[in-house]
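Q: Sequence:
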Amino acid sequence: MSAQPVEKTLYLADEAATVAAGEVLGQACIDAGMAAGLVIFLGGQLGAGKTTFSRGVLRAFGHYGAVKSPTYTLVEPYEFTDFRVYHFDLYRLGDAEELEYMGVRDYFGRGSLSLVEWSERGVGVLPAPDLRLALQLQGAGRELKLIAESDAGASVLAGAHFAEN
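Numbering (my numbering), first residue to last: 1 to 165.
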């Protein structure tokens with residue numbers, strides 16, 4: 001990995017701050033070019049704000065409609081002019097091999113950003129993430145930890161200019 005920042009921790013006071021942080025990260029993904037595709041794992045307990053954060057990422061791409069967690073469909077695609085964003089929620093996945101049957105490998109690649117909630121349920125099938133995010137409830141807000149796990153992830157993280165708390 002490069003000498004770029006590989007970890008950031010933020011305190012997000014409320015839902016609006018969570019959406020705003022997602023939007024900052026989404027813009028950093030766009031600015032990084034995403035030519036080779038990016039994979040982001042979103043971790044945290046139920047209700048920690050993973051889908052709320054994803055809504056912010058999608059806003060950076062220009063999507064202002066509803067963003068629901070694709071718990072039953074496993075993936076919700078969002079098509080944009082130059083990019084595709086895939087929002088995965090693997091919470092109800094019974095076995096990681098089920099991902100193979102839905103052709104999951106086709107979702108990861110050039111010009112795509114994949115946001116994966118409950119990624120631990122897809123171990124052995126999912127590609128390695130470029131960024132790993134962990135949301136944890138903390139008081140009235142939440143703590144967001146971002147960890148770069150590739151050079152592309154470090155580049156995105158370096159370009160993400162989050163508001164100071």
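Wrong hints could be hidden among the right ones.
[Claimed, not checked] Below, simulated DSS-like cross-link-like pairs (lysine-lysine); rule was C-alpha separation at most 30 Å, straight line:
(1) K8 / K145
(2) K8 / K68
(3) K68 / K145
In case anyone wonders, no lab produced these hints; they're calculated from the structure.
Q: Hint by hint, say whether it matches the structure.
A: Do the hints match the structure? See the list:
| no. | hint | result |
| --- | --- | --- |
| 1 | K8 / K145 | 6 Å, holds |
| 2 | K8 / K68 | 26 Å, holds |
| 3 | K68 / K145 | 22 Å, holds |
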